[in-house]
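Residues per chain are reported as follows:
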Amino acid sequence: MKKNFIRIIPKLDIKNGQLIKGINLEGLRILGDPFKFAQYYYKSLADEICYIDNVATLYGTNNLSSFVSRTARNIFIPLSVGGGIRTIEDIERMLKSGADKVCINSAAVNNINFLKKATRKFGSSTITVIIEYVKIGKKYFISKSTGRDLENINPLDWAKRVEDCGAGEIFLTSINNEGIKMGFDTKIIKEISKNVNIPVIAHGGAGNLQHIYEVIKNSNISGVALSGFLHYDIAHIFKYKRSNIGNFSYLENLKKKIKPANNLLKIKKFLKKKGLNVRI
Amino acid sequence: MLGSNLNKIKLGIINLKLNNLFSIYQACHNIGYKTEIIDHKVKKYNHDILILPGVGSFNSAMSYLNKNGVRNRILDFVHKKNKILFSVCLGMQLLFEESAEFGSTKGLGLIKGKVKKLKKQKNIKIPHIGWADIRINSNKKNFINKKFNKRKYYFIHSYYCSPRYENEVCSFTSFGKTEFCSAVRKNNILGTQFHPEKSGALGLKMLSDLKKLL
Numbered sequence: 000m001k002k003n004f005i006r007i008i009p010k011l012d013i014k015n016g017q018l019i020k021g022i023n024l025e026g027l028r029i030l031g032d033p034f035k036f037a038q039y040y041y042k043s044l045a046d047e048i049c050y051i052d053n054v055a056t057l058y059g060t061n062n063l064s065s066f067v068s069r070t071a072r073n074i075f076i077p078l079s080v081g082g083g084i085r086t087i088e089d090i091e092r093m094l095k096s097g098a099d100k101v102c103i104n105s106a107a108v109n110n111i112n113f114l115k116k117a118t119r120k121f122g123s124s125t126i127t128v129i130i131e132y133v134k135i136g137k138k139y140f141i142s143k144s145t146g147r148d149l150e151n152i153n154p155l156d157w158a159k160r161v162e163d164c165g166a167g168e169i170f171l172t173s174i175n176n177e178g179i180k181m182g183f184d185t186k187i188i189k190e191i192s193k194n195v196n197i198p199v200i201a202h203g204g205a206g207n208l209q210h211i212y213e214v215i216k217n218s219n220i221s222g223v224a225l226s227g228f229l230h231y232d233i234a235h236i237f238k239y240k241r242s243n244i245g246n247f248s249y250l251e252n253l254k255k256k257i258k259p260a261n262n263l264l265k266i267k268k269f270l271k272k273k274g275l276n277v278r279i
Numbered sequence: 000m001l002g003s004n005l006n007k008i009k010l011g012i013i014n015l016k017l018n019n020l021f022s023i024y025q026a027c028h029n030i031g032y033k034t035e036i037i038d039h040k041v042k043k044y045n046h047d048i049l050i051l052p053g054v055g056s057f058n059s060a061m062s063y064l065n066k067n068g069v070r071n072r073i074l075d076f077v078h079k080k081n082k083i084l085f086s087v088c089l090g091m092q093l094l095f096e097e098s099a100e101f102g103s104t105k106g107l108g109l110i111k112g113k114v115k116k117l118k119k120q121k122n123i124k125i126p127h128i129g130w131a132d133i134r135i136n137s138n139k140k141n142f143i144n145k146k147f148n149k150r151k152y153y154f155i156h157s158y159y160c161s162p163r164y165e166n167e168v169c170s171f172t173s174f175g176k177t178e179f180c181s182a183v184r185k186n187n188i189l190g191t192q193f194h195p196e197k198s199g200a201l202g203l204k205m206l207s208d209l210k211k212l213l
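In order, the protein sequence lines correspond to chains A and B. Taking numbering that gives the first Met the number 0, the leading residue of the first sequence gets 0, the next gets one more, and so forth. Taking numbering that gives the first Met the number 0, the leading residue of the second sequence gets 0, the next gets one more, and so forth.
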């Protein structure tokens, strides 16, 4: 069987100009300058870079555009950007700064017409919808504001709805699995990727190479987004700048001699050996 | 020759007012071309290379080209020898006679053929977003170096070009069972369905190779 092409996408969560990583989207640690990470990933054959401003909706801001420009000046692969996108002007500003795709979550949940308007104006392929969902007991909810607010909407129903409204792609995060490194939530990823006709990117839970292979094999996704799985391994390479706020303890206690184990090329070679279509 | 001195080569990017010009500008600028973005107020294109970029919808792009007289300036430009029109993604589609996007819209008609919608296929997602191989067509006037054969470039599109003459096709790409034209050339008119400015080092090389055609 000829498998469809799979994109491997480093996802960089940003707060106050620093790359951060949490567990279940909480307990954020600072890992360093996101631009340096992005550059490193570009050189090691990332298929795309995704920047998300994690606190933009919470604080009602979006400050990513200068980061986006700096990145787009130096990195010649697609760049997706999200976090705090609320208006058509926000999207325009991101595109002008050098983003290729803009990711929307809260604003689409709050007002589905915004999504329709955005996809009509900029074209489906420019608009990605982020779906972050959480399982509580036996019930599934979607969430806004990077896991802070829950909405009583089933993730599959929501995926179909955003497809109908013109979304070009779905970026799917399982909050339960995110940061735990115990594997992806294959059940829901499979269900959603087989029931929509637009590309689905799976995120949340990669702990080893086999996890990545399994989720691709058992679903119909177009790509995998990785954050902690990649970031932790290379955090020691770069010098970091202190700022007044944020949790620096991870970087301060970092051992100097971590050997990067999970670099992108190694992941891709592994997947290729398993017969998948990746770019090397 | 111009080819040896990149910063003497004037490259203009047509601003269709539709989308992100940042990436294509940065790519051409970083390569070393004397790059500028040109809007509808520029009445004459005295550039060596003209870029017709593209993300957005076919009919809004065409109505911009028709309304602002940009269409005629492009037609004048390609009549001159030793000039290159290079078009990307939607830009390449605009070269053709008509597109099925939003019913049917007439294009620039510089290359014979039509723009069609990618067919729905089982387990294949549309838009086509991602990296895909290009298979180089044996075509005497091919502008793509043979060493790029079967290498991956970045695509993001829902429509594809179907040229009438196969000898104008420079490369093919597979999308499920569909095989479409991913690069085209007719004389000094060139186009790629993929985005060289988003295809890493291989894409930048393709853009910098344009100088050899002048």
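Because the hints were derived from the structure by calculation, they are not lab data. The structure displayed is predicted, hence computed values, not measured ones. Backbone N, C-alpha and C define an ideal beta-carbon position, used for all residues, glycine too. Incorrect hints may have been included.
A short, non-exhaustive set of chain B residues, derived as facing chain A with CB atoms under 8 Å [unchecked claim]:
#, residue
1, F21
2, G31
3, H78
4, G108
5, G112
6, G129
7, E196
8, K197
The calculated DMTMM-like cross-link candidates involving lysine to aspartate or glutamate, where the alpha carbons are at most 25 Å apart (straight line), are [as the list claims (entries may be wrong)]:
#, chain 1, residue 1, chain 2, residue 2
9, B, K113, B, E35
10, A, K95, B, D38
11, A, K120, B, E178
12, B, K116, A, E25
13, A, K115, A, E190
14, A, K193, A, E162
15, B, K185, B, E97
16, A, K120, B, D132
17, B, K40, A, E162
18, B, K115, A, D163
19, B, K66, A, E91
20, A, K42, B, D132
21, A, K115, B, E100
22, B, K111, B, E100
23, B, K118, B, E178
Computed footprint of chain B on chain A, listed as stretches where at least three residues anywhere in the stretch have a Cβ under 8 Å from a Cβ of chain B [as the list claims (entries may be wrong)]:
#, region
24, 85 to 97
25, 113 to 124
26, 194 to 206
27, 230 to 237
Now for the hints, and whether the structure bears them out:
no.: 1; hint: F21; result: 4 Å, holds
no.: 2; hint: G31; result: 14 Å, violated
no.: 3; hint: H78; result: 32 Å, violated
no.: 4; hint: G108; result: 23 Å, violated
no.: 5; hint: G112; result: 22 Å, violated
no.: 6; hint: G129; result: 5 Å, holds
no.: 7; hint: E196; result: 6 Å, holds
no.: 8; hint: K197; result: 5 Å, holds
no.: 9; hint: K113(B) to E35(B); result: 30 Å, violated
no.: 10; hint: K95(A) to D38(B); result: 15 Å, holds
no.: 11; hint: K120(A) to E178(B); result: 29 Å, violated
no.: 12; hint: K116(B) to E25(A); result: 43 Å, violated
no.: 13; hint: K115(A) to E190(A); result: 24 Å, holds
no.: 14; hint: K193(A) to E162(A); result: 13 Å, holds
no.: 15; hint: K185(B) to E97(B); result: 17 Å, holds
no.: 16; hint: K120(A) to D132(B); result: 30 Å, violated
no.: 17; hint: K40(B) to E162(A); result: 39 Å, violated
no.: 18; hint: K115(B) to D163(A); result: 21 Å, holds
no.: 19; hint: K66(B) to E91(A); result: 23 Å, holds
no.: 20; hint: K42(A) to D132(B); result: 20 Å, holds
no.: 21; hint: K115(A) to E100(B); result: 18 Å, holds
no.: 22; hint: K111(B) to E100(B); result: 17 Å, holds
no.: 23; hint: K118(B) to E178(B); result: 11 Å, holds
no.: 24; hint: 85 to 97; result: holds (count 4)
no.: 25; hint: 113 to 124; result: holds (count 4)
no.: 26; hint: 194 to 206; result: holds (count 4)
no.: 27; hint: 230 to 237; result: violated (count 0)
Going down the numbered hints, you'll see the structure goes against 2, 3, 4, 5, 9, 11, 12, 16, 17, 27, while the others check out.
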